[in-house]
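*Asks:* What follows is the residue order along each chain.
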Amino acid sequence: MKEIELLSLDKKVFFEKLKNGLEIYLVPYDNKENYYISYATKFGSDVLKFDLDGDTYVPPLGIAHYLEHKMFEEPSGIDPFTFFSESGTDANAMTSYDSTQYICYGTKEFNKNLRYLIKYVNTPYFTDENVNKEKGIITEEIKMYDSLPDYKLEMKLRENIYKKLSRRYDIAGTEKEINKITKEDLYKCYNSFYLPNNMFILIVGKFNMNEAINIIKEELEEKLEYKLPKIYTQKEQIEVNKKNETINADIETPKIGIGLKISKKDLKIKGVELDLYLSMLMTILFGSSSLFREKVRNDQLLNDIYMEWENTEDFKTFYLFATSKNPDKLIEEINKEFDKVKIEEEHFNRIKKVWIANEVKMIDNIEKTEYNLYDEIINYGKITPNRIELIKKMNIDKLNKLINIIDFSNKSILKMLPTKK
Amino acid sequence: MQYIKKDMASYNLHLINTNKYKTITVKVMFHTPIKKEEITIRNVLSDILLLSTKKYPNKRDMIIESENLYAADIYNNTQRLGNYISTSFILQVLNDKYTEKDNLKKAVEFLSEIIFNPDIEDEKFKKNKLKIVKDNCEIALSSIKENPANYSVIRLNEEFRKDSPISYRMNGYKSDIEKITEKNLYSYYKKMIDTNHVDIFVTGEFENQEIIDLIRNYFKFRKIKKQRIPYFIDNTKPRKKALTKKETLSISQSKLSIACPIGKLSEYERNYPLVLANIIFGGGSDSILFKKVREENSLCYVIYSSLNKLDNTITIKAGIDKKNFTKTIEVINKVLDQVQKGKFTNKDIQIAKKIYENAIFSIEEDPHQIINEYLTEQIIKFENYKERVSIMNKVTKREIIKVLKKIKIDTIFLLEGEE
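Chains as they are written, first to last, in this note's numbering: chain A, 1 to 421; chain B, 1 to 419.
Since the hints were derived computationally from the structure, they do not count as laboratory data.
On a predicted model such as this, the values are computed, not experimentally measured, just so you know.
Hints may contain errors.
Claimed, not checked - Which residues of chain B face chain A? A few of them, derived with a C-beta cut under 7 Å, are:
| id | residue |
| --- | --- |
| 1 | Y56 |
| 2 | R60 |
| 3 | E67 |
| 4 | K134 |
| 5 | D135 |
| 6 | N136 |
| 7 | S142 |
Said to hold, decoys possible - Quick look at which bits of chain A chain B covers, simulated, 3 or more residues with Cβ under 8 Å:
| id | segment |
| --- | --- |
| 8 | 88-96 |
| 9 | 271-283 |
| 10 | 364-373 |
| 11 | 387-393 |
Glycine included, C-beta positions come from ideal geometry on N, C-alpha and C.
Throw the hints in and build the complete structure from the sequences for me.
*Replies:* Following this line, the structure appears as structure tokens:
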């Protein structure tokens, strides 16, 4: 096992890669009661088309998510939820664009639960009957999200940013698409992507490392690796798909969504460093201690705001969602910020201080640490041991150079207005 | 972990000393018997205190101060606890050993400034600040239908117990907003500070005496207040016939909420068998409701029940297709009937006990959970969490059935989608 010390955080990550490619990340805590186990595959809703048996294959949209639901079927008929609940352990699974994970979280029966988690994910069991049964449930899940105006806003914005990229589609698919799914589709995807060389295990919390490693090796060392199929990615244009649109919904106060699409091609920085600088940029422009926030608060232009960066192979996309009584004026203020980006040194240094403090706070929390490390594995393929040092090293000149390369005009603006009754 | 409760005459100070957290959390709670007409003004007050103070005339100034204190978090929270409304101001800051000497002291001083040094002039809050808060409040209230699951429960509770605090909207009422003035808001502020019962919780790693001195120095309350009415709501009599109400909303999925009052219970029954009964019925992730309604009948994606001991109610929530309404109610009724007849296994009971045990084991993982635990022990007056597991493990099937029999479906509310 390789020891990776998370500098300045008094925490170690133990890493091992098995011969068949399976990656193991163990992060033991001695002052907690809980453990959090995640067994994941780097297969999500981003895969729209791949080579199979000498042909190209396009599964119905929502297949990765459907597959996640069906993993819980076992030939024994025993539901994994039932198994985990016997020890009072929480179990769940999540599908995202770039991965699918199966988790359990609790304080008891670590060994038994770890072994079972690996076993049930390694046991695909799909029949016509059990595949059909899920259609009603997933349709309700899709409808549950569909009923939320904020969700509709995000989905529409994605369609307007990306003309072809997989990120414009709902992870769960659509009712029409999922009705096409057969057990053959599920087996095809499972066999192509649930392979040790495409998967990893991440465990954070209270557990015995030696026992964990032994169980993982017993269950997974013999699994054969296979070459991953060729995945066809979409050729996405640099320009946003649609620059402006207005839609209506059953809401009281208007909402806006803005997507800034940046091509990674000419950006000289990459990896963790790039993400830190991009995050710093938007925190300074629109964060809670920005002048923008103070202005829109005093002018009553903003009631709610949410921002996030998205990473894809070729792009970095910045999303900003807000609720506002005067959406046009708010959009004007946001555009002003993009038109003349100004970075103040004091603000820059203060945010660095905040981020370093946050790194220390987060390590206290098992779940947050798990989410952060999981994202690092997916986004960078490894753990970053020196995040705090990287933050300390950030300098304002590098940020300004980055700002000069970015095309702030490549944005899509979406307005959601109340339906007139 | 060491717990000390000190009666400081005009407030209770709770010290939870542990080296499990890198942060120190200070939670100042104001409790008072809830009055429907005061909910909105109290929410507005709580927000305006976080918008500016005498020393920090703008929100941005306050945020900059937080950032300089090594990302100290300060926020507010309001909740109803039975017959009481509780408003909290919470500070969470890294222990000085990760920041610098006196950082905690400055952070506590900041919290004190927010509570005791409001941005007022001539016994009035500032007009422009009040306008901002009222505006935000109005917009938040206008958007309650945008979270259909929450809205369904709000409407359910209004139909369930019309004149009880159970029916009150904790986000407030639009019609109350315009009645708030700069002057009456300040009067309400003084009323809260002077007459509300106060609890201050501090968790983290510290020297007890240092914290006692620090809090004593920065938090001074004038009167000694007694709490006269109970937290528990008297809610033991169900309707003779279940009431069904529906409302339409343009959403694609319908939200079903059901209120089930529980009959009269002893303290033991409420704290022990009832908890297991709820987990078995619908609270656990593999509950009977989940198994029957979702897995067996594919009627929903989400279904669960939650227990509110102070309200003496179990609430069932589910997202369904409106065409399945009658069938879903039928299945839920059947499930309740079956569990009341004892149609659940010893394994179900063992699982529920394990779920409970896990929850108890997890209390110390998070400062907010441990604070909530000690607050609950003060209100409900049951055994300390470390002792409760062994008592829970001795609960029998007979005791669980006895409690289940007291649960009745009283009010059904369907937020019907129209798409």
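*Asks:* Determine for every hint whether it applies to the structure shown.
*Replies:* We went through each hint and held it up to the structure:
1. Y56: 12 Å, violated
2. R60: 4 Å, holds
3. E67: At 5 Å from the nearest chain A Cβ, E67/B passes the 7 Å test, so the hint holds.
4. K134: 10 Å, violated
5. D135: 5 Å, holds
6. N136: Since the shortest Cβ distance to chain A is 6 Å, the answer is holds.
7. S142: 4 Å, holds
8. 88-96: Held - the segment 88-96 of chain A has 4 residues with a Cβ nearer than 8 Å to chain B, which meets the minimum of three.
9. 271-283: Violated - the segment 271-283 of chain A has 0 residues with a Cβ nearer than 8 Å to chain B, which falls short of three.
10. 364-373: Coverage by chain B holds for the segment 364-373 of chain A (3 residues, Cβ < 8 Å).
11. 387-393: violated (count 0)
Of the numbered hints listed earlier, those contradicted by the structure are 1, 4, 9, 11.
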